[in-house]
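Using the supplied hints, reconstruct the complex from the two chains, each of which is provided in its own coordinate frame.
So the protein lines, in turn, are chains C and U. For the first sequence, my numbering begins at 1 and goes up steadily by one. For the second sequence, my numbering begins at 1 and goes up steadily by one.
In case anyone wonders, no lab produced these hints; they're calculated from the structure. Fair warning: this is a prediction, and the values are worked out from it, not measured in the lab. Warning: the hint list may mix true and false statements.
Listed below are the simulated SDA-like cross-link pairs for lysine to any residue, each with C-alpha atoms no more than 20 angstroms apart in a straight line [stated by the list, open to error]:
id: 1; chain 1: U; residue 1: K55; chain 2: C; residue 2: S196
id: 2; chain 1: U; residue 1: K55; chain 2: C; residue 2: D68
id: 3; chain 1: U; residue 1: K55; chain 2: C; residue 2: P228
id: 4; chain 1: U; residue 1: K55; chain 2: C; residue 2: L102
id: 5; chain 1: C; residue 1: K75; chain 2: C; residue 2: F113
id: 6; chain 1: C; residue 1: K243; chain 2: C; residue 2: Y124
id: 7; chain 1: C; residue 1: K243; chain 2: C; residue 2: D68
id: 8; chain 1: C; residue 1: K193; chain 2: C; residue 2: P212
id: 9; chain 1: C; residue 1: K75; chain 2: C; residue 2: R107
id: 10; chain 1: U; residue 1: K55; chain 2: C; residue 2: P209
id: 11; chain 1: C; residue 1: K5; chain 2: U; residue 2: P22
id: 12; chain 1: C; residue 1: K75; chain 2: C; residue 2: Q309
id: 13; chain 1: U; residue 1: K55; chain 2: C; residue 2: A200
id: 14; chain 1: U; residue 1: K55; chain 2: U; residue 2: G40
id: 15; chain 1: C; residue 1: K193; chain 2: C; residue 2: S210
id: 16; chain 1: C; residue 1: K5; chain 2: U; residue 2: K8
id: 17; chain 1: C; residue 1: K5; chain 2: C; residue 2: R24
id: 18; chain 1: U; residue 1: K55; chain 2: C; residue 2: F180
id: 19; chain 1: C; residue 1: K193; chain 2: C; residue 2: E306
id: 20; chain 1: U; residue 1: K55; chain 2: C; residue 2: E123
id: 21; chain 1: U; residue 1: K55; chain 2: C; residue 2: L184
id: 22; chain 1: C; residue 1: K243; chain 2: C; residue 2: A185
id: 23; chain 1: C; residue 1: K5; chain 2: U; residue 2: H31
id: 24; chain 1: U; residue 1: K55; chain 2: C; residue 2: M205
id: 25; chain 1: C; residue 1: K243; chain 2: C; residue 2: R97
id: 26; chain 1: C; residue 1: K243; chain 2: C; residue 2: P228
id: 27; chain 1: C; residue 1: K193; chain 2: C; residue 2: E165
id: 28; chain 1: U; residue 1: K55; chain 2: C; residue 2: L206
id: 29; chain 1: U; residue 1: K55; chain 2: C; residue 2: R107
id: 30; chain 1: U; residue 1: K8; chain 2: U; residue 2: G40
id: 31; chain 1: C; residue 1: K243; chain 2: C; residue 2: R313
id: 32; chain 1: U; residue 1: K55; chain 2: C; residue 2: V201
id: 33; chain 1: C; residue 1: K5; chain 2: U; residue 2: G40
id: 34; chain 1: U; residue 1: K55; chain 2: C; residue 2: R97
Take a look, some chain U residues computed to stay more than 12 angstroms from chain C by CB distance [claimed, not checked]:
id: 35; residue: A10
id: 36; residue: D12
id: 37; residue: P21
id: 38; residue: F34
We put the beta carbon where it would ideally sit given N, CA and C, even for glycine.
What follows is the residue order along each chain.
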Amino acid sequence: MHPPKRIFILALAGILLLLIALDRAVARSAQNTVPRTLMARTRVSADARALALGNSVIGVGFNESSFDAAMGLGKPDGAINLGMGGSSAVEQLLMLRYALQLGVRPRLVVFGFFDFQLTHPLEYATRDLIGNRAMLYYLEPEYARTLYHLSLHDRAEFEIMRRFEMFVDRGTVWERVELFRRALAQQGMPPEKANSMGRAVDFAMLEYPSAPEFIAECGRASRNPLIPSVREIVLQAEAAGSKVYFVEMPMPPEHVHMFYDQLEWTAGYRTHLQQTLGDLGATYIDASHWMPDQGAFADPLHLTYEGAQEFSRRLGEYLRNIAPPQ
Amino acid sequence: MTTFNWIKHAFDYVGGAQDEPPPGFPIQLGHWWFWAVWWGAMALAIYVFSGQSSKFIYIDF
Numbered sequence: 001m002h003p004p005k006r007i008f009i010l011a012l013a014g015i016l017l018l019l020i021a022l023d024r025a026v027a028r029s030a031q032n033t034v035p036r037t038l039m040a041r042t043r044v045s046a047d048a049r050a051l052a053l054g055n056s057v058i059g060v061g062f063n064e065s066s067f068d069a070a071m072g073l074g075k076p077d078g079a080i081n082l083g084m085g086g087s088s089a090v091e092q093l094l095m096l097r098y099a100l101q102l103g104v105r106p107r108l109v110v111f112g113f114f115d116f117q118l119t120h121p122l123e124y125a126t127r128d129l130i131g132n133r134a135m136l137y138y139l140e141p142e143y144a145r146t147l148y149h150l151s152l153h154d155r156a157e158f159e160i161m162r163r164f165e166m167f168v169d170r171g172t173v174w175e176r177v178e179l180f181r182r183a184l185a186q187q188g189m190p191p192e193k194a195n196s197m198g199r200a201v202d203f204a205m206l207e208y209p210s211a212p213e214f215i216a217e218c219g220r221a222s223r224n225p226l227i228p229s230v231r232e233i234v235l236q237a238e239a240a241g242s243k244v245y246f247v248e249m250p251m252p253p254e255h256v257h258m259f260y261d262q263l264e265w266t267a268g269y270r271t272h273l274q275q276t277l278g279d280l281g282a283t284y285i286d287a288s289h290w291m292p293d294q295g296a297f298a299d300p301l302h303l304t305y306e307g308a309q310e311f312s313r314r315l316g317e318y319l320r321n322i323a324p325p326q
Numbered sequence: 001m002t003t004f005n006w007i008k009h010a011f012d013y014v015g016g017a018q019d020e021p022p023p024g025f026p027i028q029l030g031h032w033w034f035w036a037v038w039w040g041a042m043a044l045a046i047y048v049f050s051g052q053s054s055k056f057i058y059i060d061f
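Same shape as in the complex, but just chain U (with noise of 0.2 angstroms):
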C-alpha cells in the first residue's frame, strides 16, 4: 500500500467510512481515551480560533 493511499485509508477509518484501519495505525477507535482526545482537540480548535471575530484593536504588546 503506498503513502498515499494508507493515509486516505486512515482518513476513512476516522471519519467512519472504513470498518478496519490500515495496517499499523496506532489507534482503536474503540478506545475512550481516542474520543476524548478528539473531541477535547476540536473544543481546543474552537477555543482558540473563536476570537475571530472579535474587534481587536487593543492589544498591549
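Only chain C is shown next, with the shape it has when bound in the complex (with noise of 0.2 angstroms):
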C-alpha cells in the first residue's frame, strides 16, 4: 500500500478507536445522572404507595417525608419523586411507565405543573434533547417518539444519535464545561444566587415577560385539548388502579399576582383544565396560593427545603382527607 494512504487508513482506525473509548467513558460518567438515578431509585420501591411526577416545581417543591408523615405512609409503602428539572410531560410519562412495569401500583399519582404545561404542544429539536430529556434516547424511544413532534431531519438525527452513548448523553460533558465557565465568568464578580437547579436568575426566563402576554396565552390555551402524554399519564396510571391529582404548585406571590390572579387564568385556562382533567376521572388541585410567603421561594419558580416541606406537609394533609390511606 502506498505509504500516505496506509498512514490515513491507520490514522482513521486510530481516530475511531479515541472516538469508541470516548464514547465508553461518557456512558461511564452518565450512570448516575438524574433520570438513571431515579430509576434505581424506582426499581427499590415497588411498595411505593404515591408517586410525584412532574418538572423541577415537584423535583424540588415535592418533600418525601414530610409528604409521608402527613399522609400517614410508612416507609416501605411511602411515596417517591419522580420529578425531573427541564423535563416535559413526555419524559414523565416514560418514569410512570418505568415504574408501573416493575409492578409498582401507586394509590395515587400526583403530578405539579405551572403556567401551560399540560396544554403546550411539545415540538422538539434534537438539539433540545440534553440534560433530563436525554431519557428520551434509552427510555422506550419508539414509543416517547409518537407523542412529541420531531422534523425530518432530526428524525433521522435522533436515529442515528441514540445509538451513541456520547450522543445520547452528551448533555453530561456540556454541563461540566458549562459550570467551568461560568465559574470562570464569576472569578471576581459578585456570587450569584443558585440553587439545585442552576442559577436563579434563569429561571426568570421561563416565566412570560408581561401579563398582557400571559392572557393572551390564557386565550389560546383554553381552546387547547391536553397533550396526549398528560392525556396517557391519566389513563395509564388510572389503569393501573391510581388516583390521579394535578397540583396547580405553589408560585411565588409576584408571579400569582402578575398571572394567576388575573380572571383569564381563573375563569378561563384553569376551568378549562379542570373540566377536561374531571372529564378523565382525574381531579385538580389549585395549590398555588398555597405559599404565600416570599421568603419560601428559591428563585422565580421553585420552593426552597423549607417550602417544599410545608407545601408536601400541606398536600398530604388535603389529600389524607380527600383520599385516607387504606
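Structure representation (C-alpha cells):
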C-alpha cells in the first residue's frame, strides 16, 4: 500500500478507537444522571403507594418525608418523587410507565405543574434532547416518539444519535463545561444566587414577560386539549388503579398576582383544565396560593427546602382528607 | 536555538511550513498514530465545546 494512504487508513482506525473510548467514557460518567438515578430508586420502591411526577417545580417542591408523615404513609410504602428538572410530560409519562412495568402500584399519582405545561404542544429538535430529556433516547424511544414532534431531519438525526452514548448523554459533558464557564465568569464578580437546579436568575426566563402576553396565551391555551402525554399519564395511571391529582403548584406572590389572579386564568384556562381533567377522572388541586410568603421560594419558580417541606405536609394533609390511606 | 525559536520551529513543522522537525522533537509526522491523536484531539475538543450554543438553564447538581 502507498505509504500516505496507509498512514491515512491507520490514522482513521486510530481516531475510531479514540472515539470508541470516548463513547465508553461518556457512558460511564452518565451512570448517575438524574433519570438513571430515579430509575434505580424506582427499582427498589416496589411498595410505593404514591408517585410524584412533574418537572423541577415538583422535583424540588415535593418533600417525600413531609408528605408521608402528613399522609400517614410508612417507609416502605411511602411516596417516591420522580420529578425531574427541565423535563416535559413525555419524560414524566415514561417514568410512570417504567414504575408501572416494574410492578409499582401507587394508590395515588400527584402531577405538579405550572402555567401552560399541560396543553402546550411539544415540538422538539434533537438539540433540545439534553440534560434530563436525554432519557428520550433510551427509555422506550419508539413509544415516546409518538408523543412529540420532530422534523424529518431531526428524526433521522435522532435515529443515529440514540445508538451512541457520546451523543445520548452529551449533556453530561457539556454541563461540566458550562459549570466551568460559569465558575470562570464568576471570578472577581459578586456571587450569583444558585440552587440545586441552576442559576436563580435563569428561571425568570421561563416565566411570561408580561401579564398581557400571559392573558393572550390563556385565551389560546383554553382552546387546546391536553397534550397526548398528559392524557396518557391519566389513563395509564388510572388503568393501574391509581387516583390522579393534578396540582397547580405554589408560585411566588409576584407570579400569582401578575398571572394567576387574572380572570383569564381563573375563569378561563383553569376552568378549562378542571373540566378536561375531570372528564378523564383526574382531580385538580389549586395550590398556587398555598405559599404566600416570598421567603418560601428560592427563585422565581422553585420552593426552598423548607418551603417544600411545608407545601408537601399541607398536600399530604389535604389528600389524606379527601383520599385517606387504606 | 532558543526555546522560543524551538517552539516556533515545532509549530511550523506541525503546521507544514517546515519539512524538518527541530532538534529533539519527539514526534515524526509520518507516524500514523500522531495523526490519529491529532485528529482525535480535535474531535474531542469539538465534542466537548459544541454545547456552548445550548441554552443551559437546568443543571441538576
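Hint check results:
1. U:K55 - C:S196: holds, 17 angstroms
2. U:K55 - C:D68: violated, 36 angstroms
3. U:K55 - C:P228: violated, 26 angstroms
4. U:K55 - C:L102: violated, 34 angstroms
5. C:K75 - C:F113: violated, 26 angstroms
6. C:K243 - C:Y124: Judged against 20 angstroms, a Cα distance of about 30 angstroms means the pair is violated.
7. C:K243 - C:D68: Judged against 20 angstroms, a Cα distance of about 17 angstroms means the pair holds.
8. C:K193 - C:P212: violated, 29 angstroms
9. C:K75 - C:R107: This hinted pair holds, its Cα atoms lying about 15 angstroms apart.
10. U:K55 - C:P209: holds, 18 angstroms
11. C:K5 - U:P22: The given pair, whose Cα atoms are some 26 angstroms apart, is violated under the 20 angstroms limit.
12. C:K75 - C:Q309: Satisfied, since the Cα-Cα distance of roughly 17 angstroms is no more than 20 angstroms.
13. U:K55 - C:A200: holds, 15 angstroms
14. U:K55 - U:G40: violated, 27 angstroms
15. C:K193 - C:S210: Not satisfied, since the Cα-Cα distance of roughly 23 angstroms exceeds 20 angstroms.
16. C:K5 - U:K8: violated, 29 angstroms
17. C:K5 - C:R24: violated, 29 angstroms
18. U:K55 - C:F180: holds, 15 angstroms
19. C:K193 - C:E306: holds, 17 angstroms
20. U:K55 - C:E123: holds, 16 angstroms
21. U:K55 - C:L184: Roughly 18 angstroms separates the two Cα atoms, so the pair holds.
22. C:K243 - C:A185: Roughly 47 angstroms between the alpha carbons, so the hint for K243 (chain C) and A185 (chain C) is violated.
23. C:K5 - U:H31: OK: K5 (chain C) and H31 (chain U) at ~12 angstroms, within 20 angstroms.
24. U:K55 - C:M205: This hinted pair holds, its Cα atoms lying about 11 angstroms apart.
25. C:K243 - C:R97: Since the Cα atoms of K243 (chain C) and R97 (chain C) sit roughly 15 angstroms apart, the hinted pair holds (cutoff 20 angstroms).
26. C:K243 - C:P228: The hint holds at about 18 angstroms.
27. C:K193 - C:E165: It is violated: about 33 angstroms lies between the C-alpha atoms, which goes past 20 angstroms.
28. U:K55 - C:L206: holds, 12 angstroms
29. U:K55 - C:R107: This hinted pair is violated, its Cα atoms lying about 37 angstroms apart.
30. U:K8 - U:G40: violated, 23 angstroms
31. C:K243 - C:R313: With Cα atoms ~19 angstroms apart, K243 (chain C) and R313 (chain C) stay inside 20 angstroms; holds.
32. U:K55 - C:V201: OK: K55 (chain U) and V201 (chain C) at ~14 angstroms, within 20 angstroms.
33. C:K5 - U:G40: Distance ~18 angstroms between K5 (chain C) and G40 (chain U) Cα, so the pair holds.
34. U:K55 - C:R97: violated, 29 angstroms
35. A10: Answer for A10 (chain U): holds, closest chain C Cβ roughly 20 angstroms.
36. D12: With a cut-off of 12 angstroms, D12 (chain U) remains clear of chain C, as the shortest Cβ separation is near 20 angstroms.
37. P21: holds, 16 angstroms
38. F34: About 8 angstroms separates F34 (chain U) from the closest Cβ of chain C, which leaves it inside 12 angstroms; violated.
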